[in-house]
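Colleague: Letter by letter, the chains look like this.
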Amino acid sequence: MGSARKSAYALKDKYAIVGIGTTDYSANSGRTVRALAIEASANAIADAGLKPADIDGIVSYNFNDSAPAIAVATGLEIPNAGYAVDFLAGGNAANLIVLSAVAAIEAGLADTVVCYRAMNGRSGFRLGGGREFRALGPTQFTAPFGWITYPQAMAMWCRRYQVEYGLTPEQLGNVAVTLRENAVLNPRAMQRKPMSMDDYLASRMIVDPFRLYDICLETDGACAVVVTTAERAKDMKQKPVYIMGGAYGGGPQQGDDLFDCIRWPDHSKNYSHYIAEDLWRSAGIGPGDVDVAEIYDCFTYSILMQLEGLGFCGLGESGSYIADGHIRRDGKLPVNTHGGLLSEGYIHGFNHVIEAVEQLRGQSGPRQVADAEIALTTAGAMTCGSAMILRR
Amino acid sequence: MSSVESYEKPIPVPDPDSAPFWAGCRESRLLIQHCEDCGHNQFPPSNLCAHCGAGGLSWKQASGAGKVFSWIVVRHPVPKPVYAQDVPYVVALVELAEGVRMPSNIIGCSPEDVVADMPVKVTFKQVTDEVVLPLFEPA
Numbered sequence: 001m002g003s004a005r006k007s008a009y010a011l012k013d014k015y016a017i018v019g020i021g022t023t024d025y026s027a028n029s030g031r032t033v034r035a036l037a038i039e040a041s042a043n044a045i046a047d048a049g050l051k052p053a054d055i056d057g058i059v060s061y062n063f064n065d066s067a068p069a070i071a072v073a074t075g076l077e078i079p080n081a082g083y084a085v086d087f088l089a090g091g092n093a094a095n096l097i098v099l100s101a102v103a104a105i106e107a108g109l110a111d112t113v114v115c116y117r118a119m120n121g122r123s124g125f126r127l128g129g130g131r132e133f134r135a136l137g138p139t140q141f142t143a144p145f146g147w148i149t150y151p152q153a154m155a156m157w158c159r160r161y162q163v164e165y166g167l168t169p170e171q172l173g174n175v176a177v178t179l180r181e182n183a184v185l186n187p188r189a190m191q192r193k194p195m196s197m198d199d200y201l202a203s204r205m206i207v208d209p210f211r212l213y214d215i216c217l218e219t220d221g222a223c224a225v226v227v228t229t230a231e232r233a234k235d236m237k238q239k240p241v242y243i244m245g246g247a248y249g250g251g252p253q254q255g256d257d258l259f260d261c262i263r264w265p266d267h268s269k270n271y272s273h274y275i276a277e278d279l280w281r282s283a284g285i286g287p288g289d290v291d292v293a294e295i296y297d298c299f300t301y302s303i304l305m306q307l308e309g310l311g312f313c314g315l316g317e318s319g320s321y322i323a324d325g326h327i328r329r330d331g332k333l334p335v336n337t338h339g340g341l342l343s344e345g346y347i348h349g350f351n352h353v354i355e356a357v358e359q360l361r362g363q364s365g366p367r368q369v370a371d372a373e374i375a376l377t378t379a380g381a382m383t384c385g386s387a388m389i390l391r392r
Numbered sequence: 001m002s003s004v005e006s007y008e009k010p011i012p013v014p015d016p017d018s019a020p021f022w023a024g025c026r027e028s029r030l031l032i033q034h035c036e037d038c039g040h041n042q043f044p045p046s047n048l049c050a051h052c053g054a055g056g057l058s059w060k061q062a063s064g065a066g067k068v069f070s071w072i073v074v075r076h077p078v079p080k081p082v083y084a085q086d087v088p089y090v091v092a093l094v095e096l097a098e099g100v101r102m103p104s105n106i107i108g109c110s111p112e113d114v115v116a117d118m119p120v121k122v123t124f125k126q127v128t129d130e131v132v133l134p135l136f137e138p139a
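Protein chains in written order, with the numbering used here: chain F, 1 to 392; chain S, 1 to 139.
Worth flagging that the hints you see were computed from the coordinates, not collected in a lab.
Mixed in with the good hints there might be a few duds.
[Claimed, not checked] Some, not all, of what chain S presents toward chain F, calculated at C-beta under 10 Å:
hint, residue
1, P10
2, P20
3, W22
4, A50
5, V78
6, V87
7, M102
8, V115
Source: prediction; values computed, not measured.
Idealized CB from N, CA, C, for every residue including glycine.
In isolation and in its complexed conformation, chain F is listed as follows:
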């Protein structure tokens, strides 16, 4: 594992997620990101049995493609937010914003915080498309060579892994096929048509080694959760989901932006390798204790790196670990029970938090993992990222 920090998240079980909310996920919402953010947040507040007047903090993350926290606070008529922050960040922040809500409450800046991500990721700003079609700052060394999109960025990591450990198309395909099996059972999922390995292998090559079905779905939609103290959570409408632990971080030489992996020492290991020790130490558990894992899957390959980085299997072993069926819903580590970013939709990883909470509450219907007590959520795929351990 990577080098651990001196300190780790030290508020085990003192905070809880008490409400969750979403919008529909679609390819064309026909609505503003502001409207999506407000709807998901209002749903999360109602799910907690609260009113907007009970909320005094709000936090989100975006790529200049969303509505800022103060706009959503305004739309909800939150009277006086003591904490209103927008992280300029990618999926790496999907768990970090929840941890930052905890930090804000612990510091006395707020009592009850809404965390959200809202995007028109298909009909508006498409992260899978041209990203920044410019070549200045960090991109002056990448974009001029036609290295522009996120699939192109991550494929470079995947190829290096392939060189070091070997990786077959079928090993990537197992991820896509397994997650689709889960999405078929999920009414929220964008892609519910069953997918076979033949379907996967027949999907067109986008950027070798990635086929179309290695790449997540660009999605319009929003997700939100409400965070407060375990003490307050006791009297609320829903069964609290406690935040056991969490970590954010990455390795050395993360580069000048999220795309930049030029100086990264070893492309077969991503951020997860570097936060594993902090994450497990913060919760006081290990990989064997996790009942369900919602792992950031912007690409099929992202899951392989995180299974290895967090210690679910050894380096270079994730392909066979997955082929053995361990990440299936009836396996020893059910992964992305909602279908993930690959088949449910891409709300920049925040939909993983929603699914983990539903699983721990026992609200996942036909895709419910029996007796799910402890869940892992992760966020990020490259040089930096965040993760949480949740329990019912």
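For this one, chain F is given, so just place chain S on it according to the hints.
Modeller: Chain S alone, transformed into the frame defined by chain F:
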């Protein structure tokens, strides 16, 4: 050579840290930063040595020799009108003999022929009146 007006791909915009690199390319010289204090070679350029923190980095000419560290084959053009004529094309992280890595294209061979650790050497391509890109071909 084409004019800026007809060249539709992203054109690098030099900044105070990178201007010597792009100026070097215009003279067919591949320049990387070098720390006189600790001997560290650095790319992409920065204002301080990332290894020892020293300022006042110098520039030195790299041999232009390297090997393929990782690579991708772009088959679906994005944006489509700009790259439709170029696919399939290879983007590689090239590890230079001096120890730094540099993104570029591998030209002069079929995309299928690119393999890990393949020896490559730099070649320069003028793309606009002002800009020359360092590309790599099999050595």
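Colleague: Are the hints correct? Go through all of them and say.
Modeller: Against the structure, the hints:
{"no.": "1", "hint": "P10", "verdict": "holds (4 Å)"}
{"no.": "2", "hint": "P20", "verdict": "violated (13 Å)"}
{"no.": "3", "hint": "W22", "verdict": "holds (8 Å)"}
{"no.": "4", "hint": "A50", "verdict": "holds (7 Å)"}
{"no.": "5", "hint": "V78", "verdict": "holds (5 Å)"}
{"no.": "6", "hint": "V87", "verdict": "holds (9 Å)"}
{"no.": "7", "hint": "M102", "verdict": "holds (7 Å)"}
{"no.": "8", "hint": "V115", "verdict": "holds (9 Å)"}
The structure fails to meet hint 2 from the earlier list, while all remaining hints are met.
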